[in-house]
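Undergrad: Given next are the chains, with one letter for each unit.
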Amino acid sequence: GAVVSQHPSWVICKSGTSVKIECRSLDFQATTMFWYRQFPKQSLMLMATSNEGSKATYEQGVEKDKFLINHASLTLSTLTVTSAHPEDSSFYICSARDPGQGIYEQYFGPGTRLTVT
Amino acid sequence: GQNIDQPTEMTATEGAIVQINCTYQTSGFNGLFWYQQHAGEAPTFLSYNVLDGLEEKGRFSSFLSRSKGYSYLLLKELQMKDSASYLCVGGNFNKFYFGSGTKLNVKP
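As given, the protein sequences belong to chains A and B, one line each in that order. 95 is the number that my numbering gives to position 95 of the first sequence; each next residue is one higher, with no gaps. Going from the second sequence to my numbering is simple: count from 1 and add 1000.
No lab work stands behind these hints, which were simulated from the structure alone. Quick reminder that beta carbons are idealized off the backbone N, C-alpha and C, glycines included. Please note: incorrect hints may appear among the correct ones.
Below, a list of computed lysine-lysine pairs in the DSS-like style, where the Cα atoms sit at most 30 Å apart [claimed, not checked]:
| no. | chain 1 | residue 1 | chain 2 | residue 2 |
| --- | --- | --- | --- | --- |
| 1 | B | K1095 | A | K66 |
| 2 | A | K55 | B | K1095 |
| 3 | A | K41 | B | K1095 |
| 4 | A | K41 | B | K1103 |
Incomplete in silico selection of chain A near chain B, CB under 7 Å [as the list claims (entries may be wrong)]:
| no. | residue |
| --- | --- |
| 5 | S43 |
| 6 | L44 |
| 7 | V62 |
| 8 | F108 |
| 9 | G109 |
| 10 | P110 |
| 11 | G111 |
DEER-style ranges, computed between Cβ atoms [claimed, not checked]:
| no. | chain 1 | residue 1 | chain 2 | residue 2 | range |
| --- | --- | --- | --- | --- | --- |
| 12 | B | Y1070 | A | P8 | 28 to 34 Å |
| 13 | B | Q1079 | A | H7 | 41 to 47 Å |
| 14 | A | G61 | B | R1059 | 37 to 43 Å |
| 15 | B | N1092 | A | S18 | 40 to 46 Å |
Start from the sequences, fold in the hints, and give me the full structure.
TA: Next comes the structure, spelled out in structure tokens:
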């Protein structure tokens, strides 16, 4: 149980275009999902907390107009990187909390590697 | 703040025991978690502590002392596949705060 998927696994896009990344909880309902970014040889940095049916909460320094988050249902959250630039190239990972498994534990998706050329 | 410190890199021998320490400075954590991350992959959950003491889970054990802001992850009977980064993570209901990770190299 508690499986989280992401799509796509990797994507290459041109500078100035937008990319959408999907995060799905496959066997549980996630009222809260989290989006992280990880640069090479660095740890995960929380970008935003996505709550179903309400606006996402962004961490300091993360541009909400650039990283659009939509949590339209209890099993799906999307992150759209708008007007992507090469410096946005990173590993994007989502996680979700399964209330049935414990209130603290988060389950991570496999990640999406974004390369902006 | 949520400063979480752990060693950058460690090396150990297959079959041995290794302890990865983590210290933190925060007043907002409800739990201390350990995750394993292989290069290019997402983290996978290993263990967590909400109360002081030792939690054992097969070859992996984790210890927490909240008063000292200290935790460690103990790996026994090391295997080559244990070569990975180990992330110390402080968490509450709303957020996880990640340490920079300890890269463990297991050699034959």
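Undergrad: Decide, hint by hint, whether the structure agrees.
TA: Okay, the hints, checked on the actual structure:
For the given pair, B/K1095 sits about 22 Å from A/K66 by alpha-carbon distance, which is consistent with the 30 Å threshold. The hinted pair formed by A/K55 and B/K1095 meets the criterion: a straight-line CA distance of about 16 Å does not exceed 30 Å. Taking the CA atoms of A/K41 and B/K1095, the gap is near 22 Å; set against the 30 Å cutoff, the hint holds. Distance check on the hinted pair: A/K41 and B/K1103 sit about 10 Å apart at the alpha-carbon level, within 30 Å; holds.
Because the beta carbon of A/S43 sits about 4 Å from the nearest beta carbon in chain B, less than 7 Å, this interface hint is met. With a cut of 7 Å, the hint placing A/L44 at the interface with chain B holds, because the nearest CB-to-CB distance is about 5 Å. Interface hint status for A/V62: violated, as the beta-carbon distance to the closest one in chain B is roughly 13 Å, over 7 Å. At about 4 Å, the closest approach between the beta carbon of A/F108 and any beta carbon in chain B falls short of 7 Å, and the interface hint on this residue holds.
For A/G109, the interface hint holds, since its Cβ comes within 7 Å of a Cβ in chain B; the closest pair sits about 6 Å apart. Here the hint on A/P110 is kept, as its CB sits about 5 Å from the closest CB of chain B, short of 7 Å. Checking A/G111 against chain B by beta carbon gives a least distance of about 5 Å; that is within 7 Å, so the hint holds. Checked against the given bound of 28 to 34 Å, the beta carbons of B/Y1070 and A/P8, roughly 40 Å apart, lie outside it.
B/Q1079 and A/H7 have their C-beta atoms about 32 Å apart, which leaves the hinted 41 to 47 Å range violated. A hinted range of 37 to 43 Å holds for the C-beta pair A/G61 and B/R1059, which are about 38 Å apart. Checked against the hint of 40 to 46 Å, the pair B/N1092 and A/S18 fails, with Cβ atoms roughly 33 Å apart.
When the structure is compared with the earlier hints, violations turn up for hints 7, 12, 13 and 15 and for no others.
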